[in-house]
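Colleague: Each protein sequence line maps, in turn, to chains Y and A. Under my numbering, the first residue of the first sequence is numbered 1, with each subsequent residue one higher. Under my numbering, the first residue of the second sequence is numbered 1, with each subsequent residue one higher.
Since the hints were made in silico from the structure, they are not lab data. Please note: incorrect hints may appear among the correct ones.
Stretch by stretch, here's where chain Y covers chain A in the computed footprint (C-beta under 8 Å, at least three residues) [claimed, not checked]: (1) 5-16; (2) 25-34; (3) 54-63.
Estimated spans, in silico, between C-beta atoms of each pair [stated by the list, open to error]: (4) A:Ala42 - Y:Ser113: 35 to 41 Å; (5) A:Gln18 - Y:Ser94: 43 to 49 Å; (6) Y:Gly71 - A:Leu59: 36 to 42 Å; (7) Y:Asn102 - A:Lys61: 42 to 48 Å; (8) A:Ala52 - Y:Ala175: 31 to 37 Å.
Bear in mind the structure is a predicted one, so any value in this text is a computation, not a measurement. Even glycine gets a Cβ: it sits at the ideal position worked out from N, Cα and C.
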Amino acid sequence: MATTYKLIDSVTVGSGGAANMEFTNIPQIYTDLVLKISPRQTANVNSYQFSIRFNGNSSNIYSRRQLMGYGAGVDSQTQTNTSSIFIGFDQSSSFTANTFGNFEVYIPNYTSSNHKTLSADSVTEDNTASVYGISLVAGLWANTSAITSILLQDISGGSNLAQYSTAYLYGISNA
Amino acid sequence: MSETLTKIVVNCETGEQQILPLTAAEIAQREADAAAYAAEKAAADAAAEATAAAKASGLAKLIGLGLTQDEANALLK
Numbered sequence: 001m002a003t004t005y006k007l008i009d010s011v012t013v014g015s016g017g018a019a020n021m022e023f024t025n026i027p028q029i030y031t032d033l034v035l036k037i038s039p040r041q042t043a044n045v046n047s048y049q050f051s052i053r054f055n056g057n058s059s060n061i062y063s064r065r066q067l068m069g070y071g072a073g074v075d076s077q078t079q080t081n082t083s084s085i086f087i088g089f090d091q092s093s094s095f096t097a098n099t100f101g102n103f104e105v106y107i108p109n110y111t112s113s114n115h116k117t118l119s120a121d122s123v124t125e126d127n128t129a130s131v132y133g134i135s136l137v138a139g140l141w142a143n144t145s146a147i148t149s150i151l152l153q154d155i156s157g158g159s160n161l162a163q164y165s166t167a168y169l170y171g172i173s174n175a
Numbered sequence: 001m002s003e004t005l006t007k008i009v010v011n012c013e014t015g016e017q018q019i020l021p022l023t024a025a026e027i028a029q030r031e032a033d034a035a036a037y038a039a040e041k042a043a044a045d046a047a048a049e050a051t052a053a054a055k056a057s058g059l060a061k062l063i064g065l066g067l068t069q070d071e072a073n074a075l076l077k
């Protein structure tokens, strides 16, 4: 049972937008990490995904299994030997104005000397008709280093994260 | 005109936040990530189309053997 749920830091994208958000020098005093992300893109980028990368490591040692529903379809994906983990769909600028997607990413035992896992659930919102995309991801970073930085990246071509997109990083302690 | 690509870097130790332009290497990595995702999605879409085509073909053959549409659909579920 978690005994703390402490906000480590947060980011709110300003009027200029931003392609990436990065948390660095993450304190090594918690058991697990939780990210809550609320993004929106500046371009129409339906079906692109948001990605996460640890410690600036872009080696092909990430993998994921993903269940997703988008538009009228459902799908699943398994990917190995990738350079980051796709954690869910972008909130396109074509979706209802001023709506943002929602992501929660749980990263257990981020300081351990074992390979690092994550789980991510996310949803994009389009209030004109229905939800566009939902996603559940199990991810792996096959690296034994403690996680000290987290890069959250919008990979959708030339799009930026829109103003008021946010990311919050929390620390969880088990004792 | 394309937007300038930037990143917001938060130092969790000091609380300092900086807005920095992406370096050429970071832009290249981002483009590689986008290309990787596009390739993955194209492969997934192609596989889904092939599965749908095979299913439609199988369904037609079952109906040709005398099954009703509902019976054939039930077998393919």
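Colleague: Decide, hint by hint, whether the structure agrees.
Modeller: Each hint, compared with the structure:
no., hint, in the structure
1, 5-16, "holds (count 11)"
2, 25-34, "holds (count 6)"
3, 54-63, "violated (count 0)"
4, A:Ala42 - Y:Ser113: 35 to 41 Å, "38 Å, holds"
5, A:Gln18 - Y:Ser94: 43 to 49 Å, "31 Å, violated"
6, Y:Gly71 - A:Leu59: 36 to 42 Å, "23 Å, violated"
7, Y:Asn102 - A:Lys61: 42 to 48 Å, "45 Å, holds"
8, A:Ala52 - Y:Ala175: 31 to 37 Å, "52 Å, violated"
The structure fails hints 3, 5, 6 and 8 (numbered hints given earlier, in ascending order).
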